[in-house]
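As a plain string of letters, each chain reads:
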Amino acid sequence: MERLVSGATRVAQFGAWFGGALLVLAVLAIAAELIFRNVAGYSFGAVDELCGYALAIASTWAFAFALVHRTHIRIDTFYVVLPRRLQAGLDLVALLGMIAFFTVVLRYGWDLVARSFSIGQRAMTPLRTPLIFPQMLWFAGLVALIVIALILLASAVQAMYRGDLAGVGRVAGSRSAQDALEEELTDIERLRAAGPER
Amino acid sequence: MIAASLALLGGLMLLSIPVAASLGLLGLALSEFYAFLPLHRATAQMAWNAGNDSVLLAVPLFILLGETLLRSGMAERMYGAMVPWLSWLPGGLMHSNIGACTMFAATCGSSVATAATIGTVAIDQAERYGYNERLFLGTLAAGGTLGILIPPSINMIVYGALTNTSIPKLYLAGFVPGFLLAGLFMLTTYIACRLRPAWGGRKIVTSWADRVRVLPDLVPPLLIFILVVGVIYAGWATPSESAALGVLAAAALAAWNRRLNIATIRAAIEGTMKTTGMAMAILTASYFLNFVITSIGLTRQISDAVLGLQMSPLVTLLWVIVFYLILGCVMETLSMMIATVPIIAPVVFSLGYDPVWFGILVILLIETAMITPPVGINLFVVQGLRKRGGLNDVIIGAAPFVGTLLVMIALLVAFPNIAMFLPNALNE
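Just so you know, the sequences run in chain order R and Z.
This note's numbering applies: residue 1 is where the first sequence begins, and numbers increase by one.
This note's numbering applies: residue 1 is where the second sequence begins, and numbers increase by one.
Treat the hints as calculated values from the structure; they're not laboratory data.
Heads up, a few of these hints could be off.
To be verified - Covered stretches of chain R (chain Z as the covering partner; in silico rule of three or more C-beta atoms under 8 Å from a C-beta of chain Z):
#1 21 to 29
#2 67 to 75
#3 91 to 103
#4 107 to 118
We treat Cβ as the ideally placed atom computed from N, Cα and C, and that holds for glycine.
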């Protein structure tokens, strides 16, 4: 089970780099188009459209990444006052909630992709992009989200069964904003310490 | 229908189900119970549309801009430059904290990034100069909130996307309140230090020569501001495009400061993806929920119910403000905004209030939420930087500035022109 979880984490990590790379490409493309448009007075309109796909694809892959890093916001006002055992129970419910909603998105996402494929739908733009390509990558992110969520759920249930409440918290616990920030801030401090001053 | 929806949403959130899933499941339940058409089939189309929204593209790009600026090394020098200019006031470096936050806010669209960046640089100074530590921490937490009021602003983009309000107009409307609020924060610090001179720490001696010498360090933030905000008004760029330019400029600045390496880029991208995943998941669910509640007529019902109370517009508005102040204590701010604005904004608009003006009011309420306990993200940021003592010190230190924000909110309600003056002037 541990191998499955670490595999899922790795997939989410690669997904995040892939999505992040798309965003960086979008930045470069947008800047290039902007300069070209204002200097040469000529616009190649496709950039807007392609960057829209980049955001859509990056988003679904980011869902999975945020899930393994437990950054999806949960309102924990009530949660924090509960005993550890009930918290672990709510962790499972929270994961189930994510799975429930995004499975519906996945289900009808499949219809969307299948329709684009069967009628060969193209974007109503000069580029006439066959929508199947961006939608497939977008859909793959949703599939990754659900598969990863199921693996995390299985691992959390197993930990619960063993009575390992800390284990449940590790894969599904509500991360207080403080935990999240501490991680980020130590990271920045490390960079500050390592980075050469002028 | 209203009561059932509220109860269901409250229940889901109390169970600490992620906000995105809570909103989505509420949408599914409402469509199951109240809709004549199978609205749930629209989930995927809504998700795809949210992803493809050219306005929302600005959101991850501004997150990336914040993540890059945070690591670019710009803040150290900028802070150093604010010191000789502002530290002669009673309260010394605490004014530099607010000044540096104001300036950083003009390059960055996030309050968390602003508090974290300026906080990292400033936090060790409190002890060195013998300031009242609580008040010092309060200036950082409160100053940081300016990040979303002074353009650029991620929250204004989300508000604009949710209410179809012009983002350039929102930006324009944010300037005067932003600088006014910074001034009020400094006034609060000044008054506190006049009342209790011991809080103000040891005096820092500076000269005009120092002040002139540090001016070049203010150039990078000024350039980024011009690139990110100026290009919009020059008519050269949309908000997304300006964000892209900002990211490139911040990356160039990081390279200049020799901070641009694989580790930095990786950390910035991973940080961006975590926040993007959180924000886009909530936006996706919210787009679907809004589609459902509009289709089943819930938005209308809420409007009618509120109007049926026969309260004057001002009284209704005051209730809205109270609602946000209370909700802001217990809810994370971005999710609070995405969950409530689509429902509350139409009611407020129907009372005759201007969408741009209300946008600024919402931003001020969100700033307040960021420094009100128990859940106040900027309190956590500052405490996280400090790594000792308790969160209570930050909460107490930020309390006077909650008062300042309430004064600012009252001023905005009494004199709407504080926000509307610039957008109106540009319209004519």
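Broken hints, by number: none
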